[in-house]
Each structure stands twice: as C-alpha cells, then as structure tokens.
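J.: Here is how the chains run, residue by residue.
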Amino acid sequence: MERATTLGTGVRARNSLWAALTYKNRHWLALAYVIVVVASLWAIFPFYWMLLTSVRHESEMYSRDPALWPKSFTLQHYHAALFETSFPRFFANSFIVAASTTAVSVVVGAMAAYALTRLRFAGRPLIARMLVVSYLAPGSVLFIPLFALFVSLRLTNTLHGLALAHLTFTVPFSSWMLIGYFRTIPVELEEAALVDGATRWGALWRVVVPLSAPALVVVAVFSFTLSWNEFLYALVLVQRKEVMTAPVGLTFFQTADLFYWGAIMAASTLMALLPVLLYTLGQRWVISGWTAGAVKH
Amino acid sequence: MSADRVLVQPSPLTLERRARWSILGRDWKLGYVLVLPAVSILMAFIAVPFLTSILLSFQDIRVGGDAVFVGLRNYASLLFGANRARFFNSVWVSFLYTFATVVLKFILGMTLALVLHSAIRGRNFFRALLFLPWSIPAVVSAYCWKWIYDDMRGVLNIELSYFGLIKEPILWTADINLALWSVVAAAVWQGTPFWTMTFLAGLQSIPSELYDAAHIDGAGALQSFFYVTLPSMANVIVVTTLLSTIWTANSLQYIYILTAGGPANSTETFPMLALNLGLRAYDLGMGATVPLMFFPFFAVLIFILTKHMLQQD
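Residue numbers (our numbering), protein chains in the order written: chain D, 1 to 297; chain E, 1 to 313.
If you're looking for bench data, these hints aren't it; they were derived computationally from the structure. All values derive from a computational prediction rather than experimental measurement. Heads up, the beta-carbon is just placed ideally off N, CA and C, and yes, glycines get one too. Some hints here could point you the wrong way.
[Unchecked claim] Covered stretches of chain E (in silico footprint by chain D; criterion: 3 or more residues with CB under 8 Å from a CB of chain D, positions within the stretch not fixed): (1) 121-131; (2) 134-145; (3) 157-164; (4) 247-254.
[To be verified] The following label-pair restraints were derived from C-beta to C-beta distances: (5) E/L36 / D/A92: 47 to 53 Å; (6) E/K167 / D/L277: 52 to 58 Å; (7) D/Q254 / E/L165: 47 to 53 Å.
Just chain D, same shape as in the assembly (with noise of 0.2 Å):
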C-alpha cells in the first residue's frame, strides 16, 4: 500500500532539503545537467542508429561517411524484411506465444496471488516462498534439462511447448506483481460482501477482480513482452523455422559472414516497438513490481 502511493505521486513529491541542496549549489546542479544531457545521448543513440540504418540506402552504408544523419530515405529494409523473409511467420509465431502464455499466466497468478494475500491455509508461507524462489530461478540452470525433458515429450518444435517453457518465469512473475497489488485493495470491502452474503469465490469475482482489473491489464502487458522479448528458450527449444520466434528469427538475416544490417535493423525496429510503447506508458507499474518488497514507505 507504502509502495503504490510512493510510486503514484513521487515523481513531485521529492525530498525539500534534498532538493533546496541541489538548488542553492549553482555547481551542483550545472553538473547535474551535464550528466543527464550526456546520459540521454548515450541512452538514445544506439535506438537512433537502429532507426537510422533501417531507413538508408545500402550504399551509404558501405561508404564510410561520418555524416551522423542520414543522407537518403528508403522503405527497401523494410519490404525485404516484410516480404522476402520469414519474418513475418516468425512474428506471428511469437504473439501467438505470448499471447497463450500470457492469458494462462494472469489467470493462474491472480488465483495463486488472492488465495496467498486473503486466505488462511496450512503452507501458504512455503507456497509464497516458492513463488519468490522461482521467480529468481535462472533460466541458464533449466534450459538443458527443459530440453531434455521436452525431447522426450515431443515439445520442441511446437510453440505449445515453447509457450509452456515461457511460463516458469511469467507465471511466478505476474503472481508476485499481483500479491503486490491485491494487498492495497481494503479487504473491508470484501468482509462487507461476505457479510452480505457472498461466498468466498462470488467475492472473488464481484469485488476483487473489477477492483483489480487496472493492475490485470498491466500484468498482463508485461507477461505479454517478457513472452515477446524471450531468447534463450527459444533458440534452444525450437529449430524449425516454421515455429521460430522473432528474437531468434533476427539471426537468420546473416549468410556465414555477411549481416544485411538494413534488414536486421528494419526487424529489429518492427520488434522493439511493442515493448517501446507499452514500457514507456507502464515505467512506474513494472518497476515497482520487479522490486515489490523492496521500496517501503
């Protein structure tokens, strides 16, 4: 509850003396410019280079020139990308995992996180403690024995199987983000629908879930990109081109030695742009999840 407010009106609400520091100490704050015109140079540049190679002529690219601007205007990267690979399979592929995954994992974690943050039953700590333990479990450990196991359960090669293995990080994921949530709903609310009347599950879904339905949408945003951003089980769990994802679909524009870097990068803007977008208006919500705990106050 600490943490939602904090979060909510931060921005504003810095600390007086912190700030009447940095204000009264001219130097301070001239070199408090310098740093975060430097960082935002740093921060965007790679993102405008993206941006920039995918829309210049191959020529220019060969020509050495030092220009930081581009000096002609192409679609050609994208149409190539668009319509002379596999990309486009590749991309439907990974919303199709990310979609399944996500649906599954907001409705698994939203029931996981309201019985942990309102019901009494024997082992809830140890079932929120293994939530925790799982959402840290690193996926360098499980991905040779996942691919062992799904070798035998014929799951390689199938995007059920891919979307399966995508679950161990984003269904602990949207459980914790939504134990984080479900806590600064007033449980009164709930008492007086039980009071009322209401079973335990009709409170469930008349009060809790409508309550909750901002933080569901944004939960289910990020399970969405962390589905869509995926690497590491991708490139182990699926080979055939036909059920590739994006991220890996990204090196198939390279023949041995040669990167088409127009493409890659007229690809690689196409994929950015979802997560882009959705991260930019979410910021404050997802950092807060990553960290619930964390924060106080």
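Knowing the structure of chain D, use the given hints to seat chain E on it.
T.: Then chain E, alone, in the frame of chain D:
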C-alpha cells in the same frame, strides 16, 4: 498483513469441521484450489527440470543417444580432467563480466537517480529518455551494439578514425583483450535504467524530516548523502544488487550475439559454456553439470533475496 485479519464467519460449525480448520487453516479448500494451477506449473517446469538436471549431470547422455550412468565423471572432467582449463576460464570470465557490469550499473544508476531527484528542469522528460534502453528486447539491443561495433562499417570505428583517434580499425568484439569489455558496455547500457528507477523510487521514499534533522545538525550535501541517503536505501540497494547479479550472470543474449563466447573463449561465461558443451557439442550431461556447479552461489543469493522480498509478510 491483511490476510491475517479475522473475517466475519456467518455459519455455525460442527466440531469435526472445526478440528480440520485448526490444522489446515480456515480457508483450506478454496485456498488449495486457487494455488493448485500455479503450484503444478512451477513443479512441472521448474522443480522437475531442476531434478532432471541433477540426474543428467551423473550421466553420459548425447542428444538422440542413450544415457549411461557415469557417477561423478562429468564433475571430475570439469574440475580435474579434459575440460578443466575451459571450466575455470568460464568461472573467471563469469566473475569479471558480472562484477564489472554490476559495479558499473550501480555507479551509473546511483548517479542518474541522484540527478533525476535533484532540482533540474524536465525531470520527467529525462526520466523517460533514460528508461528507454530497458524497454527494448535484449536481442535487439545486442544487435544494435553489434552493428555499432562492426569493424569496417560500424559507426564507432568510423567516427574514431574520422577524428584521427585511431589509424587501424579496432576489433571491438574480436580482440581477445577487448571483447569482454565491449559486451559489458552493451549490458551496462541496457541494464542501467532498472537501477536508476529503483534507486529513484528509493530516494523518493526517504522522509524529508531526516534531511531536515541532518541539516539542523549541520550536515552538508555529501554528509547527508552518506549519513541519511545511503543508510535509508540499504534495503533497496541489497535487493537491486542481488537481483541484478542473478540476472546479469545468467543472461546469455549479449554474449551469444556479440561474440558467441569467442575469441578464444575470452567471453565464455558459464551459460555460454553450458550451451556450447550441451547443445553444440551434444553432450547434455556435461551441459547440465556446468550451471549446477555455479548453483550453490546463486542459491545463497536467492536465499538472501527471498528473505528481503518476503519481509513485508
């Protein structure tokens, strides 16, 4: 915590039900039904693979071949046998990579958080810009940097030679002494925003009374940073550092795309070694053993982190 509050109980209960209550808890039926799907998914795709991994590490098993039980031979091969040099190389590279990346992200993240928290204009604008690197898929950022680092056509070498700083192109990702640092730079670029934003949230949650008190006691900006800011942020710092250490050490995208572990294994961290041995050399047993050797270290980090993250309970 809210769940511990006692709710109104409408219906009277029989003695038998009351007894079961006290052991399994008030809401055990609905509780277990609701956690069952999540628990089964975690069991099937995390617990079972983890145990499988231990089993694989005791086997000589090739992709598509039969498994032969070999006891500790995979472990011995990594510690004393044929793979010794390569394994210890990966220990050192993993340490260097993780340590350098985490330290740089810490310093940059703290600096940028303090700057965004200061009295500069346009904080929200800069905040949005500085968050951008975190939002793109890691694969995309790895390719962006691969292109920037390109020997002949990469913008970095072109600019450096244009300004007369270099005569020969620098092999950013192919030079044995440079490759690791090029990968670190890319990883720091993408990972810093996470630190900036958590530190910023931490800074904003410090009550201003603490600064007022420090000011009355005559503290300057630096003193209030070391005696108020840092101690108040201890928990944020611990959680962010541990979380980022786990993510950084286990991430594979930047290394896979920028160098694939080369040149001469100089960037082969342990996930890359596991991938190279397990799936490229088709030796699943060895591939499973490598990450397991590192697991005790991560188990300790996870244990500490779990404690911090469950602190609210």
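J.: Does each hint fit the structure? Answer for all of them.
T.: We went through each hint and held it up to the structure:
1. 121-131: holds (count 8)
2. 134-145: n = 11 at 8 Å, threshold three: holds.
3. 157-164: holds (count 3)
4. 247-254: Check passed, 4 qualifying residues.
5. E/L36 / D/A92: 47 to 53 Å: Cβ of E/L36 to Cβ of D/A92: about 32 Å, so the range 47 to 53 Å is violated.
6. E/K167 / D/L277: 52 to 58 Å: violated, 43 Å
7. D/Q254 / E/L165: 47 to 53 Å: This hint is violated: roughly 29 Å between Cβ atoms.
The earlier numbered hints that this structure contradicts are 5, 6 and 7.
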